[in-house]
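Visitor: On the provided structure of chain S, position chain R as indicated by the hints.
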Amino acid sequence: MSKTRPTNESDAVRIFDAETMQRALRRIAHEIIERNRNLSALVLVGIPARGVELARRLAAVIEAIEKVRVATGVIDVSMHRDDIGTRRALPVVKVSQLPLPLEQRTVVIVDDVLFTGRTCRAAMDAIGSFGRPACIQLAALVDRGHRELPIRPDFVGKNLPTAFAERVRVRLENIDHQPDGVWLLKPEANE
Amino acid sequence: MNSDKGRWTRKDLLGLRELSVEEINLVLETADAFKQVGTREVKKVPALQGKTLINLFIEPSTRTRTSFELAAKRLSADIVNISAAASSLTKGETLKDTARVLEANHADIIVLRHSSAGAPQFLASRIASSVINAGDGAHEHPTQGLLDLYTIREKKGAVAGLHVAIIGDILFSRVARSNIFALLKMGARVTLVGPSTLVPREFEQLGVTVSHNLEDVLPTVDVVNLLRIQHERQRKEYFPGLGEYIRLFGLTKARARLLRPDCLIMHPGPINRGVELDSELADGAQSVILDQVTNGLAVRMAVLYLCGGIATS
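The listed protein sequences derive, respectively, from chains S and R. Counting from 438, one number per residue, gives the positions in the first sequence under this note's numbering. Counting from 42, one number per residue, gives the positions in the second sequence under this note's numbering.
Please keep in mind that the hints were generated in silico from the structure rather than gathered at the bench. These numbers come from a predicted model, not from an experiment. C-beta atoms are modelled at their ideal positions from N, C-alpha and C, and glycine is treated no differently. Hints are not guaranteed to be accurate.
With a Cα cut of at most 27 Å, we get these calculated DSS-like pairs of lysine-lysine [unchecked claim]:
{"no.": "1", "chain 1": "R", "residue 1": "76", "chain 2": "R", "residue 2": "294"}
{"no.": "2", "chain 1": "S", "residue 1": "531", "chain 2": "R", "residue 2": "52"}
{"no.": "3", "chain 1": "R", "residue 1": "137", "chain 2": "R", "residue 2": "197"}
{"no.": "4", "chain 1": "R", "residue 1": "226", "chain 2": "S", "residue 2": "531"}
{"no.": "5", "chain 1": "S", "residue 1": "531", "chain 2": "R", "residue 2": "294"}
Computed beta-carbon distance windows for the label pairs [what the hints assert, rightly or not]:
{"no.": "6", "chain 1": "R", "residue 1": "241", "chain 2": "S", "residue 2": "613", "range": "49 to 57 Å"}
{"no.": "7", "chain 1": "S", "residue 1": "468", "chain 2": "R", "residue 2": "352", "range": "54 to 62 Å"}
{"no.": "8", "chain 1": "R", "residue 1": "248", "chain 2": "S", "residue 2": "585", "range": "49 to 57 Å"}
{"no.": "9", "chain 1": "R", "residue 1": "90", "chain 2": "S", "residue 2": "613", "range": "30 to 38 Å"}
Isolated chain S, as found in the complex:
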């Protein structure tokens, strides 16, 4: 959300490289399996764009471990955000895709960075317009803190204490055409 804030590129601290990111995803996959014995009732729902790719990767890891193909989906949160009318430029809204019906299913929302929790709230609202899942859980590659709503993740790749003005940059090869990685960027000193 803070995409335009200037940052000091030379001070970027690497949090994950491709290997440690994959390791974190494997651990999350194991935890999801442990929590959800009935994998056929599970659906991993990514928030565009990187959450969708992470959900796809988690499903692949779970399939490699358990030989079960877990359903995946896409949930766009743009129409359910609480900051409509406060932004000067709007990005494109993506098409949501969920396996229906959601009743009796457990939905795991997958996002790259968990910050204020407002995106997650919007995602829960959006999911509610498709049906009433039995349970909703939350998986995030990075939890950087600063929650503004009573929301906590069920599965976390890395807990990363940050200052509010800092930025977390996630790059995924299939989306960004750059090697996988996560970096912490400091705000520019004179800002």
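Guide: Just chain R now, with coordinates in the frame of chain S:
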């Protein structure tokens, strides 16, 4: 335009002439997402919750007004309809005064249909509310142009490289103008067909081809968009009579045999069955007229979401 390439930054939609290809694509992609909303269990999203939309229709319209009204309701906006007969404009109030009264009532979005070209532009430059042009005189009808584009893209996969014929009353048609601007920008080829009184050669300056022979054009096109003959507006000198028009420019069943089998038949409605379009063709396999209506809802939701959703202060 600015560093927000690929993002929407406009509070108003006044016409398609001023939109970039990126902006048109952004509206179409946003409409994809809103079309999907129509298939959900709950067909309403809170995107414009707390916003007030006023349908200010100074010229009569049922389908466009209804489409905007339904779109606004699906976005959770509050909506008021004002028609010409019920408005103080008939008591002599100026358009600007009407709009300022609406603004003082905290209207966030004004959807304006007006018989004078430029009325939405006039309003948009004077008030802070978003203004959406729902048709101004013979100037533009941008949401119709966008829904036609959306329907062509949906049925044909892409717009670039297609050949589109727009047939009928081009001179008086805001639908034709919005279509011409949008189609040319997206890389389609456009041929206008009709009697020389209604399709003057001057249109070629826009980058289109003008033809007065329908049967020459029909075998070469991917889409025919038939415009309504607005006989309520026309004075007699433009063409001798409806019979003459049908004989030369009506899409009859015999003429439709000249079309490619996958050619789309479009019409912005309301149709004069048996005048510009044969009744059976209007309901036939090549007709996408009802898809246009469904897509119009999604496109108008996208436009209201984009223009009404950005910060205006």
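Visitor: Run every hint past the structure and note whether it holds.
Guide: Evaluated hints:
| no. | hint | result |
| --- | --- | --- |
| 1 | 76(R) x 294(R) | violated (33 Å) |
| 2 | 531(S) x 52(R) | holds (21 Å) |
| 3 | 137(R) x 197(R) | violated (42 Å) |
| 4 | 226(R) x 531(S) | holds (23 Å) |
| 5 | 531(S) x 294(R) | violated (41 Å) |
| 6 | 241(R) x 613(S): 49 to 57 Å | holds (52 Å) |
| 7 | 468(S) x 352(R): 54 to 62 Å | violated (40 Å) |
| 8 | 248(R) x 585(S): 49 to 57 Å | holds (51 Å) |
| 9 | 90(R) x 613(S): 30 to 38 Å | holds (33 Å) |
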